[in-house]
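Participant: Sequence:
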Amino acid sequence: MNKPEQSVAILTRLTEMGVKASIDDFGTGYSSLLYLKRLPACELKIDRAFVHELSEAGDGATIVAAIVALAKALNLQIVAEGVENETQQQFLTQLGCHTLQGFLLGKPRTAEEIARDIRDPANIFTRSIYNINSK
Numbered sequence: 001m002n003k004p005e006q007s008v009a010i011l012t013r014l015t016e017m018g019v020k021a022s023i024d025d026f027g028t029g030y031s032s033l034l035y036l037k038r039l040p041a042c043e044l045k046i047d048r049a050f051v052h053e054l055s056e057a058g059d060g061a062t063i064v065a066a067i068v069a070l071a072k073a074l075n076l077q078i079v080a081e082g083v084e085n086e087t088q089q090q091f092l093t094q095l096g097c098h099t100l101q102g103f104l105l106g107k108p109r110t111a112e113e114i115a116r117d118i119r120d121p122a123n124i125f126t127r128s129i130y131n132i133n134s135k
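Under the UniProt record's numbering, the residues of the sequence shown are numbered 1 to 135, in order.
What the hints contain is simulated information worked out from the structure, not anything from laboratory work.
A couple of the hints might just be wrong.
Claimed, not checked - List time: in silico SDA-like cross-link candidates among lysine to any residue, alpha-carbon distance up to 20 Å:
#, residue 1, residue 2
1, 72, 21
2, 37, 8
3, 37, 77
4, 3, 13
5, 20, 63
6, 37, 7
7, 20, 42
8, 20, 72
9, 107, 85
Whenever a hint applies, use it, and build me the whole structure from the sequences.
Facilitator: Here it is in structure tokens:
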């Protein structure tokens, strides 16, 4: 963020008008804990690099669990990017991620495909990812 004070002021005005802000790619690049404190965001997006590591041995699960716990403590909605397999989906769902994104849930689509599905909803393929009532 080039001008943090200006950016925070603009985002604050936008959220006061009803615009919702999201902290994208959390944990990589320029995102930091300071953003969580200063930005008027309602959502935190866990970067796909961390989600990918859930399938490998190591600290990936611990880091993702810590990010989710932090987001919950700050009352932020949680989005996990890059969900590609059911192991990742199950782990993230059990942690309480609100939204999952990735190839497991759907491939990227063209504007034409989306327009076709809007015209003919029977084309839309959906599947249940998690049944909250199954507990």
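Participant: Look at each hint and say if it fits the structure.
Facilitator: Checked hints:
For the hint pairing residue 72 with residue 21, the CA-to-CA distance comes to about 16 Å; that is within 20 Å, so the pair holds. Under the criterion of a C-alpha separation no larger than 20 Å, the hint pairing residue 37 with residue 8 is consistent with the structure, at around 11 Å. Using a Cα cut-off of 20 Å, the hinted pair residue 37 and residue 77 holds, with the two alpha carbons roughly 15 Å apart. At most 20 Å may separate the alpha-carbon atoms for a hinted pair to count; residue 3 and residue 13 meet this at roughly 16 Å.
Taking the CA atoms of residue 20 and residue 63, the gap is near 26 Å; set against the 20 Å cutoff, the hint is violated. The hinted pair formed by residue 37 and residue 7 meets the criterion: a straight-line CA distance of about 14 Å does not exceed 20 Å. Proximity of residue 20 to residue 42 is assessed by CA-CA distance (about 6 Å); at most 20 Å being required, the pair is judged to hold. A hinted pair counts as satisfied when its Cα atoms are at most 20 Å apart, and residue 20 with residue 72 qualifies at roughly 17 Å.
Distance restraint check for residue 107 and residue 85: the Cα-Cα separation of roughly 13 Å lies within the 20 Å cut-off, and the hinted pair is therefore satisfied.
The structure shown violates just one earlier hint, number 5.
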